[in-house]
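Peer 1: These are the residues of each chain, in order.
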Amino acid sequence: MRGIRILERILGAIPIMLGVCIVVFLFMRLIPGDPVDIMIGEGSNVTQADIDSLKAQFNLDQPVHIQLLSYLSRVLRGDLGYSISRADNVSKLILQALPATVELAIAAMFFALLIGIPVGVLSAVKHNSAMDRASTAGAFLGISVPAFWLGIVLIIIFSVNLGILPTSGRADYGFTPPKRTGLYVLDSVLAWDLAALKNSLEHLILPAVALGAAPAAVITRVVRSSMLEVLQKDYVMFARAKGVPEHLVIVKHALRNALIPTVTVAGLETGTLLGGNMIVETIFSWPGMGRLVVDGIFSRDYSLVQGAVMVYALTFVLMNLTSDILYTYLNPKISMEKGS
Amino acid sequence: MTRQDLSSKNVQTRCFLFRIRMRLWAENTRKMIRRFRKNPSAVIGAVIATVFVLAAIFAPYITPFAPDEINLNARLIPPSLTGRYLMGTDHLGRDVFTRIIYGARVSILVGVITVAISTVVGGTLGMIAGYYGGVFDMALSRFTEVLLAFPYLIFAIGTMAMLGPGFWNLIWALSFKGWVEFFRLARAGVLSEKTREYVEAARVLGRSNFSIMVSEILPNMINPLIVVGTLRMGTMIVMEASLSFLGIGIPPGVPAWGSMIQDGYRFILNAWWLSVLPGLFLVILVLAINLLGEALRDVLNPDYFHTF
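These protein sequence lines map, in sequence, to chains G and C. Okay, so the first sequence: first residue is 1 according to our numbering, each after it adds one. Okay, so the second sequence: first residue is 1 according to our numbering, each after it adds one.
Please keep in mind that the hints were generated in silico from the structure rather than gathered at the bench. The reader is advised that the hints may include incorrect statements.
[Claimed, not checked] Chain C stretches covered by chain G per the calculated footprint, using a threshold of three residues with CB under 8 Å from any CB of chain G:
hint : region
1    : 145-156
2    : 233-242
3    : 273-279
Remember, it's a predicted structure, so these values are computed and weren't measured experimentally. Built from N, CA and C at the ideal position, the CB exists for glycine as well.
Extracted from the complex, chain G is given alone in its bound form (with noise of 0.2 Å):
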């Protein structure tokens, strides 16, 4: 029965993607001014032959539907076009840029959950408590505050002020560890290079920490409203009067259930971390695709911001998939739901 539901879950996202696909591909049609007149520029001497030939390159001689066909037919084979400002392939640009917002994504993700999961129980089991109310503010606060400020105010604190963290880049200079996966930290961990791993750790936590801020309130009351009502659950009385000790209860009965929707809460919310990671890199110089996006939209480079606009899509449509599908193997009422 699960395997069923999870088969409808990826058939069900292929048609979307397709729709990502269109949208984009549309995008790039609405511009205004013709995708050629931008290639070439102004003021350059091109003569119609040549007019005529890139428009045969790229097919824009054809009518709208044709276009559209090799456009989706090209990145079925993972081909997003040619980035005139960078002069190479979009799709080999975007995969040098993928490992650090990869990097970046999972620290700031690990802050969320490492701030959420704990304030969130904590202010559950002592509902109502000062401690509650405080973990109350710091959300509301956490998801009041734009990642870019909380990013420029923590540089001010602890970059300029302490003199602490690094304001900006992956590594210094002679710290980058020798390139396997791509994940500085990881990398160094590999290598043992104790020196590199500090170092990348120092650059990662101020972005990590600026772009988990949001996600980090969010799953703290997630965590707090489904601790809440578990705790009123009939097992967590039973194992209470069976005297397993508070502590077991909270953890083993109560939080296990608890964390079933933020699994899919933390699923959704990579969707603000897609979004805020343009901004975080932009600030903190980081070398990933919100700062190839950036740098693409100013140098007016249309089909790197294209390509990339779509892999962020692409990437939020599998996250979503993703926690949907371990959503179905966390929550055994599916499973009997659908068996009975």
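We have chain G; now place chain C onto it with these hints.
Peer 2: Coordinates of chain C only, in the frame set by chain G:
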């Protein structure tokens, strides 16, 4: 009885029903206002938001400076409570406090206009789709699923990259995905309400579809739209600031919080106030809006066990 009598009776009944309806409505509103006033976060949120709106409207009367008044003899003066510049000056000697107040205009306008467009468009389409169903509903629902696959900020950045900076471009870029949430809320609301008895009754009485939708279903499903609409104003304001921070939102020259933070970021080493203070006002306004939205959720649905 003649036909005349019947129709006059009909009018009488209608008037009577209308009076009952108005009285119920007035009583409900009174109750809500009472609940609202008892809710401290509602009052705090409402007061702060009102102060911001008033300050934005009466900006020229609050400050002696113009937002673009350059004074090269007074560059990068730090904030002081007693000095001429309450919140200091920027690298061109412009008064930061003045620019913050004028910047509130942009933020508030963007928040209000995008939410207004999104609720009206999304709410109307969602009601129609939920009420009639069919191909229209299916096509729109699929389309919204595709739009939902884009993280909001990335969608807005992509759109702004194509459209270029500008106030109305920003409004369109944000509204183009903003209506989706309201569409889904309204659609779900109509779907759960349209099989209720009161809708059946109205249909038996021969009321038109339009009148059933507007005067029967809408009042019963509008509360979530109001709550989410309020909360989204905060989201839109942050979104606008993020885009302006990246330099693709409000065009340079117009004072907006996001672009002020961006400008100040270059002077982060010696003039912290340039980017910290506009952001602080942004946080306070968004916080007030979120407080207001959460409080409205409690006031409008007292039984609702709210999560976030």
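Peer 1: The structure should be examined with respect to each hint, and the outcome stated for every one.
Peer 2: Hint check results:
1. Using a Cβ-Cβ cut-off of 8 Å, 10 residues of the region 145-156 of chain C lie near chain G, which meets the minimum of three, so the contact claim holds.
2. Proximity of the region 233-242 of chain C to chain G, defined as three or more residues with a beta carbon under 8 Å from a beta carbon of that chain, is established by the 4 residues found.
3. Check on the region 273-279 of chain C: 3 of its residues sit with their Cβ under 8 Å from a Cβ of chain G, so the three-residue criterion for coverage holds.
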